[in-house]
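**Q** Here is what each chain is made of, one letter per residue.
Number of protein chains: 2
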Amino acid sequence: MTGFAFDILSTDKAARRGRVTTAHGTFETPAFMATATAATVKGMLPDAVRAAGAELAIANTYHLMLRPTAERVARLGGLHAFMDWPGPIVTDSGGFQVMSLAKLRVIDERKGAVFRSHLDGSLHELSPERSMQIQHLLDSDIAMCFDECTPHPATPEQAAVSMRMSMRWAERCKTAFKPREGYALFGINQGSTYPHLRLESAAALAALELDGYGIGGLAVGEGQEVMFATLDETVPALKASIPRYLMGVGRPDDIVGAVRRGVDMFDCVMPTRSGRTGQAFTRRGTVNIRNARHLDDRRALDSECGCLACTRYSRAYLHHLFRGEEMLGPMLLTAHNMQYYQDLMRGLRGAIEQGKLDDFAAAFHEAQGRGDVEAGI
Amino acid sequence: MTGFAFDILSTDKAARRGRVTTAHGTFETPAFMATATAATVKGMLPDAVRAAGAELAIANTYHLMLRPTAERVARLGGLHAFMDWPGPIVTDSGGFQVMSLAKLRVIDERKGAVFRSHLDGSLHELSPERSMQIQHLLDSDIAMCFDECTPHPATPEQAAVSMRMSMRWAERCKTAFKPREGYALFGINQGSTYPHLRLESAAALAALELDGYGIGGLAVGEGQEVMFATLDETVPALKASIPRYLMGVGRPDDIVGAVRRGVDMFDCVMPTRSGRTGQAFTRRGTVNIRNARHLDDRRALDSECGCLACTRYSRAYLHHLFRGEEMLGPMLLTAHNMQYYQDLMRGLRGAIEQGKLDDFAAAFHEAQGRGDVEAGI
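Line by line, the protein sequences give chains A and B.
All residue numbers for the first sequence refer to our numbering, where the first residue is 104 and numbers rise by one.
All residue numbers for the second sequence refer to our numbering, where the first residue is 104 and numbers rise by one.
No lab work stands behind these hints, which were simulated from the structure alone.
Some hints here could point you the wrong way.
Since the list gives no way to pick out one identical chain from another, each pair is judged satisfied if it fits inside one copy or across any two copies.
Taking lysine to aspartate or glutamate and the DMTMM-like style, the derived pairs with C-alpha atoms no more than 20 Å apart in a straight line are [what the hints assert, rightly or not]: (1) K277 <-> E469; (2) K459 <-> D150; (3) K145 <-> E429; (4) K342 <-> D115; (5) K116 <-> D356; (6) K277 <-> E456; (7) K145 <-> E428; (8) K459 <-> E174; (9) K277 <-> E303; (10) K281 <-> E232; (11) K206 <-> E260; (12) K214 <-> E274.
Just need the whole structure built from these sequences, with the hints factored in.
**A** In structure tokens form, the structure reads like this:
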């Protein structure tokens with residue numbers, strides 16, 4: 104019983120252009136997911152998210168188990184109906200958020216994480232088995248194994264202990280996961296920045312015959328160079344036939360570099376979170392629309408972008424909205440950043456199809472370096 | 104030179120079904136304006152505002168003179184281009200906001216209002232002439248005369264002094280207003296709740312040959328009964344051939360009552376502001392979506408409404424969004440309330456056309472009284 108499929112349509116060196124089939128439809132890879140942590144893409148209607156080109160959303164076990172609870176989402180028909188996202192949904196397992204958000208957490212190999220909610224201090228447990236149950240209740244198309252996100256920096260010894268526990272948890276997740284047609288379980292490769300641990304983790308996951316790989320524990324402060332070096336060691340050790348998902352990454356140049364190294368899927372709060380604070384990603388680099396230099400700026404945010412913020416409004420208007428703390432400011436910049444990221448992914452997919460990813464990457468870096476101020480007002 | 108026109112298409116007793124033509128297109132009356140105080144309808148894209156049925160937006164002299172300034176809006180091509188609203192725009196004159204928002208204000212008949220900005224304490228003057236200039240710079244289709252909003256309660260003496268100054272200011276506005284094809288200047292009827300003052304004000308405005316009437320100084324705490332009684336005395340004294348705009352009104356039942364009394368235009372922050380705090384207007388009365396009774400509520404907010412909030416989501420989901428302070432909650436409830444108000448206006452217009460406004464009003468009140476909780480979960 105599977106129905107879940109990953110078809111590689113073309114390759115360009117290590118990079119892959121693919122298509123993933125799930126119980127709730129397909130998505131093209133390399134893919135950037137729409138972040139819908141609490142069952143909503145912050146500041147955007149689902150129709151607009153889809154119109155920007157996103158086909159895959161990611162929601163979060165930790166957030167949804169606390170509110171509105173997984174059982175309630177299940178009673179209300181599952182996450183797809185609840186949030187009006189009929190397409191494929193990934194759910195993160197909650198491991199990362201337990202470490203970054205929960206209070207007074209205790210990690211116990213048998214029980215998993217015992218922690219207090221950051222919302223109301225209530226006590227909760229999240230084990231590999233419970234994480235699988237929650238992701239099942241949410242009706243996630245792609246469930247992630249429950250893991251411990253190894254802190255950075257970690258000594259090789261600390262990283263080994265943490266990774267090996269996550270691998271034993273992955274085995275428990277595999278046992279607890281209920282196979283259903285079109286639903287998938289991804290393992291999460293760990294091992295900090297140590298190649299030998301990453302390879303050990305890759306071997307452990309390969310033995311479990313999972314449907315895809317998360318690559319976890321990166322973009323946690325190690326820097327892009329170390330992240331890319333870790334990918335250079337890790338990715339070749341992963342089975343080529345299943346998708347690779349670099350979790351929590353990243354900036355546009357992180358994504359371009361990771362796609363060139365064979366990564367297929369990405370998620371990151373950056374486009375939506377930055378949008379809410381007035382930071383826009385453009386083809387010439389980032390723009391802070393709150394900056395007073397935009398007071399009388401008649402230009403579009405990004406003249407090559409087709410989003411509403413860029414086709415209907417001046418930078419002066421967007422600046423006005425942020426100065427006045429008007430909701431439409433975050434709404435428009437979120438929509439723009441979503442469009443920018445999806446355009447980037449579309450560009451990467453097209454470049455792989457044409458075998459021109461190197462040229463695409465060179466043009467991308469050249470344009471980013473050109474900067475915004477010089478763009479000829 | 105006019106081009107501005109008000110055509111009465113049909114009547115039902117005192118109520119009128121009309122069409123107003125401006126330099127930026129037409130709108131059907133009775134009309135409820137989309138509130139765009141600071142050149143944005145809070146939480147809604149203009150396309151969605153139009154799709155809900157709103158044809159007319161109202162922006163504000165006081166807010167826009169402070170930020171981004173009228174001169175800047177003019178340099179950027181005027182309000183229609185600035186905020187992507189190609190349709191008709193009304194601008195309030197700033198008189199009301201000087202009274203309700205500005206600090207350390209001094210009213211001087213010659214100078215107008217001298218006040219400090221509520222944003223940064225900077226000193227400003229707003230005279231009848233300057234208000235006209237600002238509304239011209241904004242490129243408002245319908246400018247409002249600069250007036251003093253008489254406080255409530257006021258003695259007959261206080262109300263008379265205030266109203267007579269506003270009438271002298273209206274004369275100065277008429278002199279300062281630059282006539283342009285399709286652009287209009289409305290006077291504002293004042294006089295508190297005193298019929299003889301309302302009639303004196305009506306006569307003063309009639310002599311000025313303005314393009315429409317605002318009815319000001321109501322919905323300031325006098326209660327619906329007194330407001331309707333004041334309308335009963337005032338409206339018959341207004342010229343029938345030009346539009347009547349009841350400023351800052353109101354709740355759905357206020358609007359139904361005022362339309363029956365011959366009012367043509369309305370504006371109120373209530374649908375958008377209430378939407379942001381979780382209050383929804385429905386055909387069975389108001390619903391507070393934050394209430395815990397909606398935790399597992401699978402029903403639509405209003406089963407007869409065609410907006411996205413009602414057709415795509417359960418109350419349980421909307422409740423979840425508000426509990427989590429997610430932007431999508433205010434966005435969806437604002438869109439719903441906008442749709443509700445525009446549907447109400449459409450219903451009123453249709454009822455007048457058919458000569459069935461009494462029946463419409465009776466059915467409206469009956470449904471509102473039915474309440475929401477009993478609506479058969």
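**Q** Please work out whether the CA atoms of K116 and D356 approach to 20 Å or closer within one copy, between two copies, in both situations, or in neither?
**A** Classified as within; 18 Å inside a copy, 68 Å across copies.
**Q** Are the CA atoms of K459 and E174 at most 20 Å apart within a copy, between copies, both, or neither?
**A** Neither: 47 Å inside a copy, 49 Å across copies.
**Q** Within a copy, between copies, both or neither: which one fits K342 and D115 at a CA-CA cutoff of 20 Å?
**A** Close inside one copy (17 Å), not across copies (76 Å); limit 20 Å.
**Q** How do K214 and E274 come out at 20 Å by Cα distance, when the copy is not named: within, between, both, or neither?
**A** within (15 Å within a copy, 80 Å between copies)
**Q** Given a CA cutoff of 20 Å, do K277 and E303 count as a within-copy pair, a between-copy pair, both, or neither?
**A** within (18 Å within a copy, 83 Å between copies)
**Q** Checking an output row: K277 and E456, CA cutoff 20 Å. Within, between, both or neither?
**A** Intra 34 Å, inter 67 Å, cutoff 20 Å: neither.
**Q** Between K277 and E469, at a C-alpha cutoff of 20 Å, which is it: within one copy, between copies, both, or neither?
**A** neither (44 Å within a copy, 58 Å between copies)
**Q** Have a look at K459 and D150 and pick one of within, between, both or neither, based on CA distance no larger than 20 Å.
**A** For K459 and D150, neither the intra-copy (32 Å) nor the inter-copy (38 Å) Cα distance is at most 20 Å.
**Q** Given a CA cutoff of 20 Å, do K281 and E232 count as a within-copy pair, a between-copy pair, both, or neither?
**A** The answer is within: 11 Å in one copy meets 20 Å, while 74 Å across copies does not.
**Q** Indicate which option fits the pair K145, E428 if close means a Cα-Cα distance not exceeding 20 Å: within, between, both or neither.
**A** Cα proximity of K145 and E428: in one copy and across copies (16 Å, 10 Å).
**Q** For the identical chains here, do K145 and E429 meet the 20 Å Cα criterion within one copy, between copies, both, or neither?
**A** Result: close both inside a copy and across copies, 15 Å intra and 6 Å inter.
**Q** Which holds for K206 with E260 at a C-alpha limit of 20 Å: within a copy, between copies, both or neither?
**A** The answer is neither: 25 Å in one copy and 64 Å across copies each exceed 20 Å.
When each numbered hint is compared with the structure, violations occur for hints 1, 2, 6, 8, 11.
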